[in-house]
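The chain contents come next:
2 protein chains.
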Amino acid sequence: MTTLKSLAQYLNLSQATVSRALNGFPEVGDKTRLRVLNAASELGYQANANARKLATGRSRMIGIVLHSPDELINAPTYVEELANISHHLGDSDYDLLINSARKGKALESFKRFVSSRAIDGVIIKAPDVNDERIKYLLEQDFPFVVHGRTDKEVDYAYFDIDNEGAASQSVNLLADLGHKRIAMLNAPSHFAFSAQREEGFKNTMKERGIDIADSFIVNRPMAEEEGYKAAIEWFKDKNSCSDLIPTAVVCSSVSQAYGLYLAAKELGIIIGKDLSVIAHDDVIAHLKTENFTPPLAVTRSPFTDSCKPLADTIVAILSGVEPKNLQTIAPVELVVRKSIGVAHQEDI
Amino acid sequence: MTTLKSLAQYLNLSQATVSRALNGFPEVGDKTRLRVLNAASELGYQANANARKLATGRSRMIGIVLHSPDELINAPTYVEELANISHHLGDSDYDLLINSARKGKALESFKRFVSSRAIDGVIIKAPDVNDERIKYLLEQDFPFVVHGRTDKEVDYAYFDIDNEGAASQSVNLLADLGHKRIAMLNAPSHFAFSAQREEGFKNTMKERGIDIADSFIVNRPMAEEEGYKAAIEWFKDKNSCSDLIPTAVVCSSVSQAYGLYLAAKELGIIIGKDLSVIAHDDVIAHLKTENFTPPLAVTRSPFTDSCKPLADTIVAILSGVEPKNLQTIAPVELVVRKSIGVAHQEDI
DNA sequence: TTTTATTTTTAAAGCGCTTTAAATTTAACA
DNA sequence: TGTTAAATTTAAAGCGCTTTAAAAATAAAA
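Line by line, the protein sequences give chains Z and F.
Its first residue numbered 1, the first sequence is counted upward by one per residue in the numbering used here.
Its first residue numbered 1001, the second sequence is counted upward by one per residue in the numbering used here.
Be careful, since some hints might not be right.
Stated by the list, open to error - Here are the in silico distance ranges between beta carbons for each label pair:
hint	chain 1	residue 1	chain 2	residue 2	range
1	Z	N130	F	V1335	43 to 49 Å
2	F	S1242	Z	T293	56 to 62 Å
3	Z	N38	F	E1225	30 to 36 Å
4	Z	G24	F	S1006	33 to 39 Å
5	F	E1225	Z	Q140	45 to 51 Å
6	F	E1225	Z	Y10	31 to 37 Å
7	Z	K31	F	E1108	25 to 31 Å
Simulated from the structure, these hints should not be mistaken for laboratory data.
Ideal Cβ placement from N, Cα and C applies to all residues, glycine included.
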């Protein structure tokens, strides 16, 4: 094991000089630097990361917390994101350290994760409306960036999409087509983005003068089965022509919409005609909305678009930029496809 | 910032005693331990991970290398896996450190990753037939476990599935149904698992006395588009009744099979009747083979089944178990579904 | 009570690097 | 050539913890 010390001895130089030469400090003579570099590669010297971390007080690692596996229903979205984030961090010489929330004691393990100084900063995903982790980070003055945000106006750095706008655009589109019985198949309500979408939904419905039946807003995990179940619930009496049967549904995720498609097929409901469906699409590789039958209308904002901004943001914070100046809200694109149609009076 | 030193001063004890008390060493008096524990939580003491890492020489982190994002076509498979591995490692107090391969210099960055001593062990995925990383690790005597294996007989620890058997079972099933023109839509040939599957395929075809046309074995990335393109290639002259048009295809991945389905639909080929399809299924959450139309026959071995074994294996190695004694080959289950039918002479 | 064995605590070294402050060498100028 | 300034190099401290070897305190045995 070649250490700095042994390398220095070998070169008859002090550790200080060798360290500086290796790290590109300017005050090292050219010949000396060359000698050092050569000897280093000759002896296969590789600095001990842990020693460096201790000495510098920085670990060059960014943390990210994953929910416990059983909550990872929505997981596939993550992979590419993790890989991308890790890749972008790599560009600034940071690695990504994954911490798995321990079931039940997620917060506790998060706190340990943060305050062990193993990481220089942390990326928080899918915050809750009232996120304890964020409170803690703020309290500890620990560098972080959030993918999403807990509230409209906050002081920390975040990258979010225009959730309110997404819901709003969806409602407007449907209302323009004459729909009055518009339901929302939303994500669990503890998520901040879920609340934002619901707000956008409600506000716009109000603006358009449309009432919302109580049963029209449901909060469900973002999984196929859940979309299926919610649809069955809504359409179980589909021939009774009730006011409680939606003619259009705004879904929070493509998975839910897919479940809804399955249910519709089973029930003989024709999507795009009997029922209009629009979903928010994070654009994950393996569930392409354009390939749905019929193609699914969506509000679109690729998850992967967040990777570089998130990586860049946490790096910026660590190099001294004020978090308040690092807030981005990415727009959402409305993509109209065949799953949407005009509302018929006689239908359903 | 409470450090061990300040905590010791506060308690009028030596750092050694406090350290031992905190880490559960037996030689600490009961009253002393209690005092220490109380003071620690009172002052919110949290050991500095980097200092500990340096002092102990172990980092309690396991590394994993992701391919660069543009190679991550098959990515969604990973997420759940990462989360699960990370979770299982957590049970033994290890974290998971992700290193993103830098495009072009993957090997070099891998070597740095390993020899920086930032991690105690590493998990290698999808090895190549001739994997340079594994060579390096062996050379350096660095702890690792492989998901997959480079060859039938190796000395290192691995968790693999029976790839040969998977291909073999598929071929036997198709041959039993009278198929003679069986094609293989395999993964890129540099992957070890790809080679293993091809071997199983060829051997079994030979055993069954079936010839393989050159054009029947193709190697493509495991993506939808690639399955689509390969299918188009095979079936472009589907009405010419050539010997070069397969009646059955064994796919290496569900994504490829999905692309093949799309192509078949476009070309008016009825799967399960005109063409039999079977694929290997890693069982990823968002591409359920039972929901294909028709349901896709598969050889099945869930990716997520590998997580606990992989985590446990690397932990075992780090606690002294011989790698050679840590080799697992998981069986593959054959699931027959409607995408498979008997071969008709007149068809296609 | 003294001695010996046992339990508990401490002092100090060391993990391998960075970095400050001081020392040395080299270059520039008078 | 003697000074002063600038460029290089070094000695040494320190990052915050673990761990070895020695010391001190307590308990057991004589």
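Now the hints, each set against the structure:
no.	hint	verdict
1	N130/Z x V1335/F: 43 to 49 Å	holds, 45 Å
2	S1242/F x T293/Z: 56 to 62 Å	violated, 31 Å
3	N38/Z x E1225/F: 30 to 36 Å	violated, 48 Å
4	G24/Z x S1006/F: 33 to 39 Å	holds, 35 Å
5	E1225/F x Q140/Z: 45 to 51 Å	holds, 47 Å
6	E1225/F x Y10/Z: 31 to 37 Å	violated, 54 Å
7	K31/Z x E1108/F: 25 to 31 Å	holds, 26 Å
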